[in-house]
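Peer 1: What follows is the residue order along each chain.
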Amino acid sequence: KAGVTQTPRYLIKTRGQQVTLSCSPISGHRSVSWYQQTPGQGLQFLFEYFSETQRNKGNFPGRFSGRQFSNSRSEMNVSTLELGDSALYLCASKISGSQETQYFGPGTRLLVL
Amino acid sequence: GENVEQHPSTLSVQEGDSAVIKCTYSDSASNYFPWYKQELGKGPQLIIDIRSNVGEKKDQRIAVTLNKTAKHFSLHITETQPEDSAVYFCASEGTSYGKLTFGQGTILTVHP
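Going line by line, the protein sequences match chains X and A. Residue 18 in the working numbering sits at position 10 of the first sequence, with consecutive numbering throughout. Residue 302 in the working numbering sits at position 9 of the second sequence, with consecutive numbering throughout.
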């Protein structure tokens, strides 16, 4: 079974631009969570989607948004990019909404110049 | 909100020695505790997890213990090998399904 895939793997943007990252969960998984990983703040939860509905949201500004499609694929969008948004963005999927193992993708490395 | 503290931040051992990483959590509602290993350029990979109704769990050279009263849990790796070198993260999940709160990570180096 294929793992979690994320595209693109690397991205360079300039301040003020917007970016969209994509995540395809493991087949049969309906829950997708997004995390931001930086050297200073570590791994921080952004939001979680289950059955196309955002069920949880972390402490990030409204510039960070996401959505989930009927096939469970998910996208996250960051508008008006800031230098501090440079990070590794990870998505993780699991089978359902209950407490289960989250399987992570390889991440998208975003550099904001 | 939930807070997870992880120690030590770096750990250096000789091949064959044991390694122990400890975490404490703040939210008494937390009841799921996974451990992840992250190698350079890769996403975190689950190595073992434990739920609050269990005190200890083992999988070959890896074991995790949980003390709910004291709100701490630990990862034990025995007979370490150079390929165990990586960054290890503990995490907790409570009533906010899908939200893992991570510790700051431990850089484990196993010297041949």
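Some clues are possibly wrong.
To be verified - Computed beta-carbon distance windows for the label pairs:
1. Ser35/X x Pro375/A: 30 to 36 Å
2. Lys361/A x Glu60/X: 30 to 36 Å
3. Arg354/A x Ile20/X: 38 to 44 Å
4. Ile20/X x Glu372/A: 27 to 33 Å
5. His365/A x Gly36/X: 31 to 37 Å
6. His300/A x Gly36/X: 20 to 26 Å
7. Lys21/X x Gly334/A: 16 to 22 Å
Read the hints as simulated data drawn from the structure, not as lab findings. Here the structure is a predicted model, which is why all the values come from computation and not from measurement. All residues carry an ideal CB built from backbone N, CA and C; glycine is no exception.
Peer 1: For every hint, state whether the structure bears it out.
Peer 2: Here is how each hint holds up against the structure:
1. Ser35/X x Pro375/A: 30 to 36 Å: holds, 34 Å
2. Lys361/A x Glu60/X: 30 to 36 Å: Given range 30 to 36 Å: holds, Cβ gap about 35 Å.
3. Arg354/A x Ile20/X: 38 to 44 Å: holds, 40 Å
4. Ile20/X x Glu372/A: 27 to 33 Å: violated, 43 Å
5. His365/A x Gly36/X: 31 to 37 Å: holds, 34 Å
6. His300/A x Gly36/X: 20 to 26 Å: violated, 37 Å
7. Lys21/X x Gly334/A: 16 to 22 Å: Holds, at about 20 Å.
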